[in-house]
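So the sequence shown is residues 1 to 351, counted in the numbering used here.
Since the hints were derived computationally from the structure, they do not count as laboratory data.
Note that beta-carbon positions come from the ideal geometry of N, C-alpha and C, so glycine has one too.
Be aware that one or more of the hints could be misleading.
Cβ-Cβ distance ranges computed for the label pairs, FRET-style [as the list claims (entries may be wrong)]: (1) E70 - E177: 17 to 27 Å; (2) G335 - S272: 42 to 52 Å; (3) S343 - L254: 28 to 38 Å; (4) R60 - M1: 49 to 59 Å.
With a Cα cut of at most 25 Å, we get these calculated SDA-like pairs of lysine to any residue [to be verified]: (5) K297 - K202; (6) K202 - A48; (7) K297 - E146; (8) K28 - R88; (9) K28 - A48; (10) K57 - G75; (11) K57 - E70; (12) K232 - N18.
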Amino acid sequence: MPPPLVSVVIPARNEEENIGPCVESLRKSAGCAIEIIVVDDESGDRTAEIVQAVQEKDSRVRLVRLNGLEPGWVGKSHALFRGVREARGEWLLFTDADTRHRPRALAECLALAGERNADLVSLSPEQVCGSFWERLLQPEIFSFLESRFPFHEINGDIASCAAANGQYLLIRRSVLEDVGGMEAVRSEIVEDLALARLVKEKGFRIHFSPGEGRVEARMYRSFRSLWQGWSKNLFALSGGQVARLVRLTGVRLLLDIAPAGAGLAALAGALSSPSLGTLVLATASVVFYGGRSFYLKDVWARPCAGRGYALLHPLAAVLFLGLLWYSAYLSRWVGTIGWRGRSYRVGAVDV
């Protein structure tokens with residue numbers, strides 16, 4: 001029996017740096033039948049030109065060009081919606097332009113779907129980090145998200161425990177249609193979580209797992225792009241509740257930020273006015289800092305960073321909390337977020 005056709009849908013807006021390598025990695029997919037649909041969402045760069053060049057040598061690759069955003073839609077959901085309309089596959093893979101895929105990844109995910117009787121399979125890609133700020137913050141953020149959405153709970157039967165990563169989301173076409181298609185999440189900033197929730201509420205099964213060895217992604221290439229990117233949805237991903245954010249802030253202040261500040265003050269005091277009290281306080285601060293760094297070392301024990309970054313955990317905590325509160329400010333109080341040259345009205349969302 002031949003493998004089912006998978007329609008890969010890639011929304012792309014000004015992705016000239018990424019779209020070529022992404023499509024090339026997917027063209028090398030082995031053990032499965034695919035078509036690749038790139039939806040050019042009014043790019044102002046060479047995105048469409050690059051895809052057209054690939055299309056000329058591979059009939060499996062198709063380009064869909066959009067002209068405007070329909071009212072009530074968020075750009076990514078709209079691009080996926082238009083891509084699905086052109087798709088012929090029994091399965092649909094939604095993936096981002098900044099991903100790179102191993103040849104056997106898709107075939108293995110289809111096999112996983114069969115083994116786990118899953119209707120939606122999602123991977124959290126291995127993150128690639130090229131700058132100091134990426135290495136410091138990306139592991140911190142993904143560690144938080146992994147604790148917020150534990151894989152084993154999402155893969156269980158509780159309907160309220162649902163999540164997926166839109167960087168790699170494989171879903172049966174019939175299931176997508178059953179939950180209302182992309183129209184059902186047209187206005188969602190966090191469309192992957194919203195879609196996963198609909199899928200599980202309908203009684204379908206999800207399998208969500210790490211993507212190491214199968215797919216990787218470099219989401220951002222600078223501190224500015226990282227800040228802008230996460231600020232659009234990190235508050236929603238945290239639960240969309242200010243009370244929860246206050247509690248999280250209190251915990252991180254108590255465990256990571258205040259001890260570091262007190263330790264620096266104690267060390268300065270011990271150096272400027274040595275006494276038994278200042279020496280004891282400085283020693284205790286250093287011991288606590290070292291212990292906390294050791295405890296957190298696995299947060300940064302990822303290929304994109306390194307355990308040594310745990311020594312900078314107070315700085316990571318400050319930036320993480322600042323990003324969370326800025327995201328909350330945009331979502332809860334401003335009510336508008338900007339992304340890829342577009343602005344969207346949003347409200348606090350419970351996820």
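Practice prompt. For the pair supplied as a hint, K28 and A48, confirm whether the alpha-carbon distance does not exceed 25 Å.
Written response: Roughly 20 Å between the alpha carbons, so the hint for K28 and A48 holds.
Worksheet item: Should the hint that E70 and E177 are 17 to 27 Å apart at their CB atoms be regarded as holding?
Response: holds (19 Å)
Fill in: K57 paired with G75 [C-alpha distance capped at 25 Å]
violated (29 Å)
Discussion item. Just to be careful, I want the Cα atoms of K28 and R88 compared with a cutoff of 25 Å; is the pair within it?
Written reply: holds (20 Å)
Worksheet item: Do the Cβ positions of R60 and M1 conform to the proposed distance bound of 49 to 59 Å?
Response: violated (21 Å)
Discussion item. Does the beta carbon distance between S343 and L254 stay inside 28 to 38 Å, or does it fall outside?
Written reply: With a Cβ separation near 37 Å, S343 and L254 satisfy 28 to 38 Å, so the hint holds.
Discussion item. Tell me if the beta carbons of G335 and S272 are separated by a distance inside 42 to 52 Å.
Written reply: holds (49 Å)
Item to complete: Could you grab the alpha-carbon distance between K57 and E70 and see if it respects the 25 Å cut-off?
Response: violated (32 Å)
Worksheet item: Does the alpha-carbon distance linking K232 and N18 stay inside the 25 Å limit?
Response: Distance of about 21 Å is within 25 Å: holds.
Worksheet item: Between K297 and K202, is the straight-line Cα distance small enough, at 25 Å or below?
Response: Roughly 39 Å between the alpha carbons, so the hint for K297 and K202 is violated.
Fill in: Hinted pair K202 and A48, Cα distance within 25 Å
Violated, at about 37 Å.
Worksheet item: Taken at face value, is the distance from the CA of E146 to the CA of K297 at most 25 Å?
Response: holds (16 Å)
Violated hints, in rising order: 4, 5, 6, 10, 11; the structure is consistent with all others.
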